[in-house]
Amino acid sequence: MTNNTLEKTTIGFGLSVAVVSILNALLLIVKETTPTLKKSMAAALGHHWTTHGVIVIGLFLVLGFVLAGAVKPESWSAGKLGNAILGSVIFGVVAVGLFYLLH
Amino acid sequence: MSQFGIQVSLMVHVLFGVLGIILAVALLAYVLNLTEKNLPRIRSLSLWTALSVTLSYVIGGWWYVTHYPAERAIVRAGQWSWAHTFFMEWKEHVFFSLLFLSFLLPVIAYRNDLMVPENRKLLLIVVWLVVLIGLAVDGSGAIVSRGVVVGYMGRVAP
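Just so you know, the protein sequences line up as chains A and B, in that order. Residue 129, in the numbering used here, is where the first sequence stops; the numbers in between run on with no holes. Residue 191, in the numbering used here, is where the second sequence stops; the numbers in between run on with no holes.
A portion of the hints provided could be inaccurate.
Claimed, not checked - In silico BS3-like links for lysine-lysine, alpha-carbon gap of 30 Å or less:
| no. | chain 1 | residue 1 | chain 2 | residue 2 |
| --- | --- | --- | --- | --- |
| 1 | A | Lys98 | B | Lys154 |
| 2 | A | Lys106 | B | Lys154 |
| 3 | B | Lys154 | A | Lys34 |
| 4 | B | Lys70 | A | Lys34 |
| 5 | B | Lys70 | A | Lys106 |
Derived by calculation from the structure, the hints in this document are not laboratory data. Values in this document were obtained by computation on a predicted structure and should not be read as measured data.
Only chain B is shown next, with the shape it has when bound in the complex:
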């Protein structure tokens, strides 16, 4: 794959990750303002959130296994080696919980009566976790990207 393709695929991974967070925040707003009229929108948002997070996981996972090793070497040799040893390592394993939580959203939304306050609260807990873990994972990815830049800066102007 060309360098352009590699960089675009990474950006598409981030795009779907951010889209997943935005969809989850929209879902959160609808669940907080739950009415019978909002139910179809809540159900479709839960599905789109799960799909977006899954696409981000698949593309990011492929990129991580195939193309990250070259960047990892640069990050680890730079002043921000902790961008890999803490943030990337944390992110790549916590992403699994994010993925499972996003799968659970449509299961809760489609198969239960959300007008029951306890069921609504269960959906709220899962959506909040998706939003907060999603933001933390996204921020970790940004730190790893800066770790690559810092690594290159060390090579150009030590």
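Only chain A is shown next, with the shape it has when bound in the complex:
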């Protein structure tokens, strides 16, 4: 017998990928356009990219577990989750590219 419902951890971490891909691009833009923030991120862990990584990886894990506990499986089909991941990852990748192209 097949199970059509996505399992909760998949939905939680799938949504986390979608959200954090966008937040990653936003943090980058804010960091690069705010020299004081970039400086304090560099001071925090020795390099701004290290701090950036700790923030986004931490967010990914926390959001993944929180959403996995909170989400209702019946409200997220695999198709809907796939579209959310695809759209947000493409948005993040293009936003980072456009920012460096124009910056």
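The hints should help you fit chain B onto chain A, whose structure is shown.
Leaving out everything else, chain B in the frame of chain A:
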């Protein structure tokens, strides 16, 4: 660390990155030809892909923070300064999405019924993203390497 060690560590970063892409392409082929018999292989390939991408990220991240600044100065002073200002900057931030997508592969593969067409399609979307972003990131790394060479060429024969 010796110069030899620094260069080898960079090559190991690239090695795991390329291995991750190859494993993801193999995973893609198995998911496209999904049968009950292929499920164990799909699950183990999803895990090995995530592990390979993670190792590439850890080694590359360490190298980027510790040893890249010297090369960055050469690239930025050369004719291909955009190899750093666009490609390296893009690559170092987009790698996070690649890392998260690779983490998601085994979660989807181990915890869901992949014989359901919608679930299989979700896995296909994530694998395709890993392959395409992986290739783009790998290509960007190659451009940065050439940027270092062009930077040195400018110093030797301006």
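Taking 30 Å as the top limit, are the C-alpha atoms of Lys70(B) and Lys34(A) close enough?
holds (25 Å)
Hint check: Lys70(B) vs Lys106(A), CA-CA at most 30 Å. Holds or violated?
holds (28 Å)
Tell me if the straight-line CA distance from Lys98(A) to Lys154(B) falls inside 30 Å.
This hinted pair holds, its Cα atoms lying about 21 Å apart.
Distance restraint between Lys154(B) and Lys34(A), which requires alpha-carbon spacing of 30 Å or less
Distance ~17 Å between Lys154(B) and Lys34(A) Cα, so the pair holds.
Can the restraint linking Lys106(A) and Lys154(B) be considered satisfied, given a maximum Cα separation of 30 Å?
This hinted pair holds, its Cα atoms lying about 11 Å apart.
The earlier numbered hints are all upheld by this structure, with none contradicted.
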